[in-house]
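Got chain L; can you put chain E on it based on the hints?
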Amino acid sequence: MRDIVIAGYARSPFHLAGKGALARVRPDDLAAQVIRGLVDRTGVDAADIEDIIVGCAFPEGEQGLNVARLIGLLADLPLSVGGMTVNRFCGSSMSAIHIAMGQIEIGAGEAFIAAGVESMSRVPMSGFNPLPNPALAAKSAAYLGMGDTAENVATKYQITRVQQEAFAVSSQKKAAAAREGGKLVDEIVPITTKAGTVSEDGTLRPETTAEGLAGLKPAFDQNGSVTAGTSSPLTDGASAVLVTSEDYARAHNLPILARIKAVAVSGCAPEIMGIGPVEATRKALKRGGVDVGQLDVVELNEAFASQALACMHDLGIDESKVNLDGGGIAIGHPLGATGARIVGKAASLLKREGGKYAIATQCIGGGQGIATLLEAAE
Amino acid sequence: MSEPIKKVCVIGAGTMGAGIAAQVANAGVPVLLLDIVRDEQDRSSVARGAVEKMLKTEPAPFMGKGAARLVETGNIDDDLAKVAECDWIVEAIVERLDLKQALYAKLEAVRRPGTAISSNTSTIPLADLTGGRSEAFTRDFLITHFFNPPRYMRLIEIVAGPQSDPALVASVEDFVDRKLGKSIVAAKDSPGFIANRLGIFWIQAAMNAAFDQGLTVEEADAIGGRPMGVPKTGVFGLVDLIGIDLMPHLMQSMTRTLTTGDAYLEIARDHPLVGKMIEGGYTGRKGKGGFYRVNRELDKRREAIDLTTGDYREMAKAIGPSGAAAKGDIGALISAPGKTGAYAWAVLGPTLSYAASLVPQAADTIVAIDDAMKLGYNWKWGPFELIDKIGAARLAERYRAEGKAVPALIEMAGDRSFYRIEEGKRQYLGLDGGYHDIVRREGILLLEDIKRTSQPLVKTGSAALWDVGDGVAALEFTGKMNALDGEVMKAVQKAIPIVQKGFKALVIYNEGSNFSAGANLGLAMFAVNIAAWGEIEKLVEGGQKALKALKYAPFPVVAAPFGMALGGGCEFVLNADAAQVHSETYMGLVETGVGLIPGWGGCGEMLDRWRSNPALPKGPIPAVAKTFETVSVATVSRSAAEAREHGFLRPSDGITMNRDRLLADAKARALAMVEGYEAPKPPEFRLPGPSGRAALKLAADAMHKRGLATDYDLVVADDLAQVLTGGDADWIDTVTEADLLKLERKAFMARIHDPRTMARIEQMLETGKPLRN
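Chains as they are written, first to last, in our numbering: chain L, 19 to 396; chain E, 12 to 784.
Next comes chain L alone, as it looks inside the complex:
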């Protein structure tokens, strides 16, 4: 097995869909600017990039066709660089990383850009023309709304509303502190829009309090516990990581953030899709021969507070290691872009915090989990 590393990470600022500063930016333009930024920042020779693999959960409209190829062209990369779009809903861009890794393993290239993008302003969640299979819709929860799955997890794992709100407040506080401390500057590529340059997240709500959240109405079930405040917001954003063989990175003096130790995906019941990270993480840890107690950094996507808490509980993860700079509830969750963000973030945190192992994991609509285990590359 060849060693494979994350040799760079960048993302756009994240903004609320519909009303945020990126609502009027096409997703292909957004991703192209992030990828251009990543190439420039890492100093990788663009001609060496084999392929751009872009994850997107609703690849239609302006993020349709084979958007990865179009993004490459928009980013002014050499024509020789390929482009492939992948969809695993929220796990799309983490899968892009896994695919890049596999390609390197089979000798199909040395350097890949694995990226993700989602404009939830411009392409609605579920797409423009949802057409569920009636037979499947009748017998399974395959098409169940994500909020309903969060309620199911809250019920099944007895996560109270108060617990969810405390977790959401903490996510907001961590994100606000990270921004205050200038810890997000390095990862954000300022985006040029018609209305000017956007260089900070527009999603954070640092003023969030437990009392404020307690006053919100349930968002999905009138008798439920999940509110808008304990859910990740609809978000516009793009993210990208540079995945290379360790040999290539070292030979070209690229800024290595972490080595990929193991990866995994795992299916689960669609009605509790939020629990997906549990099995995926267990599999990745087992493959990497790492015990959960050895993890120094955990990036666990916060689709909803209820599922994040349930996963932490089931896996026995110490909350103090989770989402150090805040998670999806505060920063946002542009579906296709989150996977590359949390892998890039976990790798960066491992380097910044000086630990040995990190994991990035997330749940996926329809009932899946995906995980990427990282180790420090010295």
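The hints are simulated quantities; they were obtained by calculation from the structure and are not laboratory data.
Be a bit skeptical, because a hint or two may be false.
Stated by the list, open to error - Pair by pair, the computed Cβ-Cβ distance ranges are:
id : chain 1 : residue 1 : chain 2 : residue 2 : range
1  : L       : Gly230    : E       : Ala543    : 24 to 34 Å
2  : L       : Val310    : E       : Gln52     : 39 to 49 Å
3  : E       : Lys491    : L       : Ala228    : 53 to 63 Å
Unchecked claim - Result set (EDC-like, lysine to aspartate or glutamate): computed pairs, CA atoms no more than 16 Å apart in a straight line:
id : chain 1 : residue 1 : chain 2 : residue 2
4  : E       : Lys350    : E       : Glu229
5  : E       : Lys243    : E       : Glu229
6  : E       : Lys436    : E       : Asp426
7  : E       : Lys400    : E       : Asp426
8  : E       : Lys716    : L       : Asp166
9  : E       : Lys559    : E       : Asp478
10 : E       : Lys757    : E       : Glu546
11 : L       : Lys301    : L       : Asp332
12 : L       : Lys191    : L       : Glu68
13 : E       : Lys629    : L       : Glu80
14 : E       : Lys190    : E       : Glu14
15 : L       : Lys157    : E       : Glu51
16 : E       : Lys708    : L       : Glu80
17 : E       : Lys629    : L       : Glu78
18 : E       : Lys501    : E       : Glu552
19 : E       : Lys515    : E       : Asp478
20 : E       : Lys716    : L       : Glu289
21 : E       : Lys76     : E       : Glu63
Cβ atoms here follow ideal geometry from the backbone N, Cα and C, with glycine treated the same way.
Quick look at chain E alone, frame taken from chain L:
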């Protein structure tokens, strides 16, 4: 006539000024709204705040999303020079002569000469307002007195001064009439003008009588409301609505300006209870309560105040007049035995006498007085129409018998009536003792006038066909509340060959309170109760056939809705070739509210409109989902502009602001379509079938979980989804209009068999409110 008005400035962003600005914007005309500087940092915050507040106000001052964007806000200190861009300046600042005069002095320096300037004053004489101003200013000045809220109240009183330029006044009047949709009453420069002068007198007389005769507020309003042709709020309910705290101000302003000997000065008095209520914050609906209130601590118990003790008690159902006295026989009402007659006379005796004293003091004609009260206070009959109902001679006799003065006008009428019909024309009695034709403003065409001089071409139990001139026929609904039934469909089928033979076009129009509230549910329930399923299906199919026959008739059909156009009423509009719509049209397919689905082609028509909307993405779902979203929750527009946003209207359909011009506009639209007219081709659809139905079901389930849809809503919604998605259709096949009609019938019949639908219909008929089962 002067140049048309293309931009308006309103100065003063209080309730009236802001409301006037909103109505100008509703007409699609840009408007500059100015007020004082209150915050040095944010200098236009007052005007901007007023617009923001209006966006949250109910009933909404704006008719649609686009209107608010036409209001530009600013402040008097920095932006007054912009009035030079405006063709009409409306002053609506606080009622203080010194402030108004100071503003006019500033305006004189910056306005373009020849720009109309009007004040919305309700109390200050025109002569005082123009004091100190140049001749040119005085020539361009008039009073335009709007009523609150300006969007909804049809009355405007216009006072032109002796020096006002008639051409300029005509230009403002034309704008106010055609663009703002107001009905103009010419008033003289006298205190309170017409409606408020008489209105305040009437309120005072009615309150005095209730206190003096020891009536409860419920009794007073039961006698002084509907039986007199006054809205059912009566007097006490009305005062609650206006604000009890306003009453002393109104009284003061009238007593200050009226001259000695005026009858109002004799009846003006403070009632201690009213003072006590204001002090305690019981200022009416806007305050803690008024003469009536809803007690939230006692399970929303409806309460009324005891006029003697001042304590609230549970509202009692007052027994109002009975027999003729309850049915518009005002003579019987004022002579009724007991409390009823005593109270009615104590209110109407002085009020009608006062009304008679106002001609020529406040208005040139009795018509102006009647119009002012009908439009400004929503009286069904104006005071002189009330007098005619009693008989002027009989009224004079009663005044005399009671030792009261008989007003000169009533004396002059003698045993004649104030109004009469002569050769099909309605005439009024003038001050000269002769009768004169009532002349409508130019271009106004009313079916009411046409009906006076002609016979219907078709008449059934619930509809009639009229010749409205120029080769256009009008189909009128005539049933109770314009409810639709088999008789309407029969009239449609009879009308088509007649129009085809002798006319160029057809308009669907009437002059009821509403265009139509939909199918006759009472009839439907009766049919269900006797299990006349065949009859019901025949009614559904007959309606489909009639409406499609209109759609495919070889002549243009223009629907002209106004007020409520619900359910089947909405489907009449949807099936017409075009619509000319009054701006205040409340339109919607509300069938799901009573557990049904639209059965007269409404589903297909909405699909057809949405799929041709360029704002929607293409593909199998968007038009279907949008229609489902609109119809499944029984969406009703709150204006014509909103009806367009909801897809009930096509972009090419027209909007008429003035209710009285609707028929003329609809006719003109129909005639414009005549040349080269070809009936539309039946639409063909590609629909998503069961996959689409599954998608809509997921959306409905999510609403249900959130508590926004009931169990039975889901059942009804699924039937609707089945129709809209084309039943078992496959996306690659074509679904015809006839297929959709068949699906509509099937779903309608399935629902009407369900006892839960019956329960909904029953409650709707009994209470007018939907049952959420």
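Here's how the hints hold up against the structure:
Our hint of 24 to 34 Å for Gly230 of chain L and Ala543 of chain E is violated, since their Cβ atoms are close to 58 Å apart. At about 56 Å, the beta-carbon gap between Val310 of chain L and Gln52 of chain E misses the expected band of 39 to 49 Å. The hinted range of 53 to 63 Å is satisfied by Lys491 of chain E and Ala228 of chain L, whose Cβ atoms lie roughly 57 Å apart. Distance check on the hinted pair: Lys350 of chain E and Glu229 of chain E sit about 12 Å apart at the alpha-carbon level, within 16 Å; holds.
Of the pairs offered as hints, the one joining Lys243 of chain E and Glu229 of chain E holds, with about 11 Å between alpha carbons and a cut-off of 16 Å not exceeded. Under the criterion of a C-alpha separation no larger than 16 Å, the hint pairing Lys436 of chain E with Asp426 of chain E is inconsistent with the structure, at around 21 Å. The straight-line distance between the Cα atoms of Lys400 of chain E and Asp426 of chain E is roughly 12 Å, inside the 16 Å bound, and the hint therefore holds. Taking the CA atoms of Lys716 of chain E and Asp166 of chain L, the gap is about 9 Å. The hint holds against a cut of 16 Å.
Between Lys559 of chain E and Asp478 of chain E, the direct Cα distance comes to roughly 22 Å. Violation of the 16 Å bound is thereby established for this hinted pair. Proximity of Lys757 of chain E to Glu546 of chain E is assessed by CA-CA distance (about 14 Å); at most 16 Å being required, the pair is judged to hold. Proximity of Lys301 of chain L to Asp332 of chain L is assessed by CA-CA distance (about 14 Å); at most 16 Å being required, the pair is judged to hold. For a cut-off of 16 Å, the pair hint linking Lys191 of chain L to Glu68 of chain L is broken: about 40 Å separates their Cα positions.
Between Lys629 of chain E and Glu80 of chain L the alpha-carbon distance is near 14 Å, which keeps this suggested pair within the 16 Å criterion. Of the supplied pair hints, the one linking Lys190 of chain E and Glu14 of chain E holds, its CA atoms being roughly 15 Å apart against a limit of 16 Å. Of the pairs offered as hints, the one joining Lys157 of chain L and Glu51 of chain E is violated, with about 64 Å between alpha carbons and a cut-off of 16 Å exceeded. With a CA separation close to 28 Å, the supplied pair Lys708 of chain E and Glu80 of chain L exceeds the 16 Å bound.
Taken as a hint, the Lys629 of chain E and Glu78 of chain L pair is honoured in the structure, with Cα atoms around 12 Å apart against an allowance of 16 Å. Restraint check for Lys501 of chain E and Glu552 of chain E: the C-alpha separation of about 12 Å stays at or below 16 Å, so the hint holds. For the hint linking Lys515 of chain E to Asp478 of chain E, the alpha-carbon distance of about 11 Å falls within 16 Å, and the restraint holds. With a C-alpha separation of about 15 Å, the suggested pairing of Lys716 of chain E with Glu289 of chain L holds against the 16 Å cut-off.
The hinted pair formed by Lys76 of chain E and Glu63 of chain E meets the criterion: a straight-line CA distance of about 13 Å does not exceed 16 Å.
Taken one by one, the earlier hints fail for this structure at numbers 1, 2, 6, 9, 12, 15, 16, listed in ascending order.
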